[in-house]
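Grab the two chains, each in its own frame, and use the hints to assemble them into the complex.
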Amino acid sequence: MNWTAIKAIYVFEMARFFRTLTQSFISPVISTSLYFVVFGAAIGSRIDQVDGISYGAFIVPGLIMLSIMTQGISNASFGIYFPKFIGTIYELLSAPVNFLEIVIGYVGAAATKSLFIGVVILATSWFFVDLTILHPFAMLAFMILTCTSFALFGFIIGIWAKNFEQLQLVPLLIVTPLVFLGGSFYSISMLPPFWQTVTLFNPVVYLISGFRWAFFGLADVPVGLSLLAIAGFSALCMLAVWWIFKTGWRIRS
Amino acid sequence: MTAIVDIQDLKKTYEGGFEALKGVTLAIKEGEILALLGPNGAGKTTLISTICGITTSTAGSIHVGGFCVDKDFRGARSLIGLVPQEINLEPFETVWNTVQFSRGLFGKRRDDAYLEKILRQLSLWDKRKSRIMELSGGMKRRVLIAKALSHEPRVLFLDEPTAGVDVELRKDMWDTVAQLKADGVTIILTTHYIEEAEAIADRVGVINKGQLLLIEEKADLMKRLGQKQLRVELQDPIAALPDGLGDYDLTLSEDGASVVYTYDTKADRTGITKLLADLAGAGLSLRDLQTEQSSLEDIFVGLVKEGQS
Chain Z
1 MNWTAIKAIY
11 VFEMARFFRT
21 LTQSFISPVI
31 STSLYFVVFG
41 AAIGSRIDQV
51 DGISYGAFIV
61 PGLIMLSIMT
71 QGISNASFGI
81 YFPKFIGTIY
91 ELLSAPVNFL
101 EIVIGYVGAA
111 ATKSLFIGVV
121 ILATSWFFVD
131 LTILHPFAML
141 AFMILTCTSF
151 ALFGFIIGIW
161 AKNFEQLQLV
171 PLLIVTPLVF
181 LGGSFYSISM
191 LPPFWQTVTL
201 FNPVVYLISG
211 FRWAFFGLAD
221 VPVGLSLLAI
231 AGFSALCMLA
241 VWWIFKTGWR
251 IRS
Chain S
1 MTAIVDIQDL
11 KKTYEGGFEA
21 LKGVTLAIKE
31 GEILALLGPN
41 GAGKTTLIST
51 ICGITTSTAG
61 SIHVGGFCVD
71 KDFRGARSLI
81 GLVPQEINLE
91 PFETVWNTVQ
101 FSRGLFGKRR
111 DDAYLEKILR
121 QLSLWDKRKS
131 RIMELSGGMK
141 RRVLIAKALS
151 HEPRVLFLDE
161 PTAGVDVELR
171 KDMWDTVAQL
181 KADGVTIILT
191 THYIEEAEAI
201 ADRVGVINKG
211 QLLLIEEKAD
221 LMKRLGQKQL
231 RVELQDPIAA
241 LPDGLGDYDL
251 TLSEDGASVV
261 YTYDTKADRT
271 GITKLLADLA
281 GAGLSLRDLQ
291 TEQSSLEDIF
301 VGLVKEGQS
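Taken in order, these protein sequences are the chains called Z and S.
Residues in the first sequence are numbered consecutively from 1, following my numbering.
Residues in the second sequence are numbered consecutively from 1, following my numbering.
In isolation and in its complexed conformation, chain S is listed as follows (with noise of 0.2 Å):
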């Protein structure tokens, strides 16, 4: 796949000398859902802002579909359409008018079918002759959404889509989310929820203080930097874990009944076997085996605070 957009050493420093982007190089590839993942004021909405036009960069260079936004600013903005974080709507206005202006504003000649499958697909058709200030929260967000498709881009970028939704909308917007990519359209996303990166993403980035830590297929990331545990039930609880066994990650839980091994996924031998027989030979007879993959949350705390530190 070829890079959609491709960003080189972007930097941004705000007036009063806070450096939100530190030299960020991404290339996005065309198609993907790419899931940029960093704790509030990481720079995520800096770098999307700067992407969209909406803030200047200090220094470096973004191309979208091959245009710069500097330069070429009409070609790039034109395949973009970006959902912000907050809900920034005209309170007064209609739905359709909404849509409908967002269409026009980005040069597409009107096309009132576009417009209403947009609409279905969102479940807002009902909703079209409304004004915007008698909608729900949850409601309003898509209609954000409508907006950022209405001119057909190729690029939509998605600020924080989920803040302050309840679990039903998320996961609907995690529907929206699949069926873009369907779609065809390139999907860029900022989130703090792990999960949400975890469930739908192709590729996540980590972001923090400014600077891009890694970025990586999902399920890479999982297995580069994953860890299991090996969690072994035993027949009857124990006191303390039995000599001999000091060589292994092991720790007894509270209630004595189980041991849990922690054991790296990459390594060539997981020691499994070894353990397993050195168990049984210390005289504890088992009940039960549970493997538990270690969460992309707990690799996102692991790279943040390795930063910091």
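Isolated chain Z (complex conformation) (with noise of 0.2 Å):
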């Protein structure tokens, strides 16, 4: 492993990071304070419990996968990207390093600049709600094999992605849409029957409800089964990833 190389690449893209940190950090924090006036005070106060738990706290782990699986996608899309967009990506394939060294530096760096929004989210819930997290090393690690997972998905949206317009579509249509459908802010048991069975079929459901487990010891699906949804879904997308690199799509010529 060439680990020089990839504190190389992961110090670079984390740059890009820190030279826009006050962006990085005051969007998160505004727009976590929009959902908690809207949903939380605006909404919340019509709906009294949900499973036990105050509504607003009931929110926060949907809040914060919402936001990492997001960044998480946007950041690792765009870094990957933009040397294509610029050509500077001539260096990275000219480089001595292979496919898991590249993904290691950039899918780790994006999955940092989530994680962190992801912590940001959570330090600004304990200013609106009270909030006690029963399994905290849980939520750490699917904290972090979430923002992991969906940077690799974000990575190889970055590779197939021509144009910016095409960067954006995917979150746009089909993450934003399977996030809000899948439980971030409700419990699918609210749900009559016959949609709580199709939301099954969205795969976000798994994550929300695994990470809302390791706040409050409640779940819609079996713990098992939503690490079982992200190691797969993390292996599908290394498995992209590294079909990618042998066969060159859309890198090499």
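Honestly, the hints are just simulated from the structure, not real lab data.
This one's a predicted model, so the numbers in the text were calculated from it and none came from an experiment.
Possibly wrong hints are sitting among the right ones.
Some chain S residues well away from chain Z (every beta-carbon gap over 10 Å; in silico) [stated by the list, open to error]: (1) Glu30; (2) Ile54; (3) Thr55; (4) Leu105; (5) Arg154; (6) Gly184; (7) Tyr193; (8) Glu198; (9) Leu214; (10) Ala219.
In silico DSS-like links for lysine-lysine, alpha-carbon gap of 27 Å or less [said to hold, decoys possible]: (11) Lys305(S) <-> Lys11(S); (12) Lys22(S) <-> Lys246(Z); (13) Lys246(Z) <-> Lys108(S); (14) Lys22(S) <-> Lys209(S); (15) Lys274(S) <-> Lys246(Z); (16) Lys127(S) <-> Lys29(S); (17) Lys7(Z) <-> Lys246(Z); (18) Lys7(Z) <-> Lys305(S); (19) Lys127(S) <-> Lys84(Z); (20) Lys84(Z) <-> Lys140(S).
Ideal Cβ placement from N, Cα and C applies to all residues, glycine included.
Structure, rendered in structure tokens:
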């Protein structure tokens, strides 16, 4: 393993993040506060409790998941698309690094950034609601796994994208609806039976459910299944990335 | 000298069916400056990209420093520095961070003293804290060279290094190349400026339509293919060439004041002595004599035309 190269990629990518640290920090704080005002105070005041948890606290895991998934994707997709767009990818392709090293560098940096944002949102939510985390280590593990797997997914999108519109397409048309419909702001037990079954085909349900379990000890689906879902998703993404580098699809002519 | 880059029967066909390289075989000697000349679309950049790992080959083999570029890509690539044709740089980063990134990417440990030396050599040291977007075009091109040199490569590929740069910077670049050669770096540069190859190369390769038409020592090439012209200035202009000089390859200048004789330098006899005697015999008095060596450009144009016909 060329660890020096991995570190170089990671540090270079993180530098982009630190250059815009204020935006990176302020935007999640503002958007989380807005969610709490709208969902927590305005709507939440009409909803008593969900499974014994105050509605404000109930939406915290979903809010964090929503942000780290979209941030993970956009950070990683932009991270690899930008060198393609400006042409600096030549250096990556001519360097003595293999696909795994490139992926660890880029995906690692993208995952770190979204993890940071996840932690910022968690910290912000403490200002609005009383929050106790039942399984803090599991919570952290779910968060890291989600950041990493969605950064991997974003990496693939970044390689696939031929322009900035395509870069936005998948997060906007697929991921955001899946996250919103994946029980971010409600328990799936609140849905009619038919939609409960349909929802189970949404992979995001498993991630949010597992994450919520780490907070409150309650889940829509068994925790083991949640872990399996996230491991499966990561493995699929890894396989796709391995194939991309093996064939040179959209990166090597 | 041993071959540091060894290319055997290299072929590259792009997806659309375009054959960019049609079986190139080339051995690049360690420590030399090789200029690859060719018109646009000749296959120069494809050849470089394939050696460096940016493009995959369709057939053939490439070894750099004894390492196969496919099987031992780490060994091969760590020996290579590449300066691309386009100015591809991250605009928001500083010069220093960009160069340091390149060194790290190639697996080399941090060495600020070495990077300082490179930046000073390329007159970039004062700009190390500037963001790339703040630099002039010429400076950006130097940053590309600094990046390529940052990991101490033994082979440096310069793809059209002076395309679109002013004369002064071009001369600076040539000095840099000469300095690198003195440091023991093997340099391969592609260019379509003949004077560039003529000024700095040890060997010249001519590539067109994906084929290496020739590769030769620059001096030999000039000697082998070079023709010389003898310009004889006359004391008094003449209206037409005198009879009896029809055997010579002569042309009369428009003003009739000089006669140009084209001869082959490699021939046993150039015919100059006899020509001068015959000119005197025809009653012409001579004022001055000049000879001109045909340039690499003439050779190049001739070769490319030959290839096209």
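Results of checking the hints against the structure:
1. Glu30: holds (20 Å)
2. Ile54: Violated, because the least Cβ-Cβ distance between Ile54(S) and chain Z comes to about 5 Å, which does not exceed 10 Å.
3. Thr55: violated (5 Å)
4. Leu105: violated (5 Å)
5. Arg154: The claim holds: Arg154(S) sits with its nearest Cβ about 13 Å from chain Z, beyond 10 Å.
6. Gly184: At roughly 20 Å from the nearest Cβ of chain Z, Gly184(S) sits farther out than 10 Å, so the non-interface label holds.
7. Tyr193: Tyr193(S) clear of chain Z: closest Cβ-Cβ about 23 Å, beyond 10 Å.
8. Glu198: holds (29 Å)
9. Leu214: It holds; Leu214(S) is separated from chain Z by about 27 Å at its closest Cβ, greater than 10 Å.
10. Ala219: holds (32 Å)
11. Lys305(S) <-> Lys11(S): holds (23 Å)
12. Lys22(S) <-> Lys246(Z): Roughly 25 Å between the alpha carbons, so the hint for Lys22(S) and Lys246(Z) holds.
13. Lys246(Z) <-> Lys108(S): The given pair, whose Cα atoms are some 25 Å apart, holds under the 27 Å limit.
14. Lys22(S) <-> Lys209(S): holds (8 Å)
15. Lys274(S) <-> Lys246(Z): Outside the cut-off at roughly 70 Å; violated.
16. Lys127(S) <-> Lys29(S): Since the Cα atoms of Lys127(S) and Lys29(S) sit roughly 35 Å apart, the hinted pair is violated (cutoff 27 Å).
17. Lys7(Z) <-> Lys246(Z): Status holds; Cα separation ~23 Å.
18. Lys7(Z) <-> Lys305(S): Since the Cα atoms of Lys7(Z) and Lys305(S) sit roughly 51 Å apart, the hinted pair is violated (cutoff 27 Å).
19. Lys127(S) <-> Lys84(Z): holds (26 Å)
20. Lys84(Z) <-> Lys140(S): Distance ~18 Å between Lys84(Z) and Lys140(S) Cα, so the pair holds.
In summary, the structure is inconsistent with hints 2, 3, 4, 15, 16, 18 from the numbered list given earlier, while agreeing with the others.
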